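J.: As you go down the protein sequences, you meet chains A and B in turn.
Going by this note's numbering, the first sequence opens with residue 1, and the numbers climb by one from there.
Going by this note's numbering, the second sequence opens with residue 1001, and the numbers climb by one from there.
To be clear, the hints were calculated from the coordinates, so they are not data collected in a lab.
These numbers come from a predicted model, not from an experiment.
Using N, Cα and C, we set each Cβ at its ideal position, and we do this for glycine too.
Derived DEER-like restraints, expressed as beta-carbon distance ranges:
#1 A:Gly135 <-> B:Leu1293: 33 to 43 Å
#2 B:Leu1415 <-> A:Phe23: 42 to 52 Å
#3 B:Phe1011 <-> A:Arg114: 17 to 27 Å
According to the in silico footprint, chain B covers these stretches of chain A (three or more CB under 8 Å from chain B):
#4 70 to 77
#5 82 to 95
#6 98 to 104
The chain contents come next:
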Amino acid sequence: MLEVEELTKHFNDVKAVDGINLFIEQGEIVGLLGPNGAGKSTAISMIATLVPPTKGEILFQGKSVVDSPESLRNVLGLVPQELALYLELSAWENMQFFGRLYGLKKNERDQRVREILRLVGLEEKKDALVKTFSGGMKRRLNLALALLHQPRFVIMDEPTVGIDPQSRNHILETVRRLNREQNMTVLYTSHYMEEVEYLCDRIYIMDQGHIIASGTKEELKAILSSENTIEVKVDTVNHSFLEGLEQIPGLRSYSVEGKLITLIVPREMHILGELFDLARSHEIGITSVDIKTPTLEDIFLHLTGRTLRD
Amino acid sequence: MFWSLIQKDIFHFIRMKRELLILLLMPAVLIAILGFSLGSFLDSEAPPLQMELAVIQEGDPKEDWERFKQEIARSPLPKEAQDMILIQAENSLPTDLLVNQILQREELKESITIHKMSGKEKEAVQKDDRYTAFLIIPKEYDYALLRSLYLGEEEGVSLKLELNEEDSLKEAWLKGILEFYQEQINFSRLLSSMAAEKGADLSFDSSLEQKFALEGEAVSLKGREPLSSFAYYAIGMSVMFVLYTAGYMSQVALKEKKSGVLERTLLAQVPMWKFLMSKWLSTSIVVIIQVLLLYGYTAIAFQIYWPDLFSFLLVTMLLGLVVGGIAVLLIVLSYRFNSSSLETIYSSGIVTILALFGGSFVRVDQFLGNLAVIGSWTPNGAALNAYMKVMQGYSLSELSFSLLVLLTYVVVLLLLTFFVHERRGVR
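Turn these sequences into a full structure, and let the hints guide you.
T.: Shown next, in the form of structure tokens:
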């Protein structure tokens, strides 16, 4: 359905996106995972035909959309990372306005607006001004506006940033439902690996403008099939302890988030004894140890040496 | 689609309570405050102009009149037509009309003192600083003008006005008086040509002459209606505060870009040029509504009415289009630099400077002398001048300079917008 070849975007000397390749099949939910600043939003803006690439090609159903974006725009819905809403208008007025821009006739528009507002759970709030909405409600309306014209392909750029768990679940469920019931194709970007893991059939991992890994969840996790992820909670962390940690033979990488230390080690290595000895010698108490199956977060850590939230 | 964009902008603007308060309530309050506090200062047309006008007659009007009578007698015109011309001409001898009838009208007596001089005294008088201005009536002026008026003989003689001091207000006033005199002469010319067309029959049609005479008088008097301080500040504040509307509209448009609403709009197959045109027109409509509301308020609160609604609406429409042009230029600039700094500079600095030079706070011609010319070239100054003239009863043709300035702004601003609009970036 959509192919991206050697897509590149330079802003002066900065290479925001550097020669990425990806493809999306009809009916897939494809995740684009990466930390802030990885180049996801720039890549998405180019795919959505809003920013012209410096180099590369975007093909939609075999035709280039770089020079003639209309064919893609007709079937594309975009949920931008920002709240692309008029806060001084009501939900109904926002929907009606964009419905008119899409050329929907009055009856069809009214019906469609009602359906979508029901879908995202905002039907009862349709007449309230958007500025009175909670963050989660605004995010749901942001999604609703992208679905108004029944797009076949939806791009979602961090659609759940900064909202409550209930609204997040609602959005994730809505995306899943649309994909299953209407065979909607979705390109979903996030730096929340659990969302991508939950929703996506295939995943591209992006960092510093490059795609550093891609595949299904299983294929990506296979990268770490030879490794274990050990999460260690300690009562305190100090520099000399971390220096000692780095000296443990075979340790592939580690990250520290507060009092949680994540270690990636070869599966055949047993480092727990050395870990406890090191903690004792630095008078650090270990409160829990958890040996986990690898997550996308672990994969990202393995590939870049950094966490997604760095 | 286009109307949807405009409608949405207007709805959106109406919901912005803080902005509405600033753009409507603040000028309304300022009109009242300035009108009351500076009213006596302005209403007295303070200080009343005092002019010593030396009228230098280089020739002798009596001699001119005798020569003209002789020429008429020698002409092949029928006796009745000759009599008719002489009666008409005697009633409006040019020098007499200007010096004795116009310059010494009751309402001018307080301001202008006339000193009649002969051509021999010219050189000495022109060196005398006591005189504000010199009006030089050249030799054979009456004779030439009467021949031109009644016999169609074009001869190049004209009055000369020289000012002894640089005072744009006095200069404007004297020029205004001479324009009025010119209107009277033109009126005589009209009567004369009608008489020529109608032949002898018209010589007895005194009612027609009377009718034209009355109409001519009414128009000229209307052209000099004084302006109250409330009327002045109603105009001054409205032309200033509409400028802020451009700033607010550009603020909103930048928010639309930063929030992704613009991207969403473009994805709905709305071309960028259409989006920008809608901003131009919606700002213009908001400005027109703003002006109508403000003048509605001043009509109710201060009994300020517009004598010529068509001219008023024309000025308002052009002002709206100019402010729309400023808004759309600010929008493309803020999009290009992705920053609201320009809008801030415009709203907090440029508008104030424009308001000052445009005459929103004080009569620039009274306080800035020749700098008033700059004011008349500012968009708000041009609108203010046009509105003042409409309120004073000037005809549409007399607004042409201000209207042309406004129209030029519209064209220039739209051209600048076109050139600044970056085709790269958001498509």
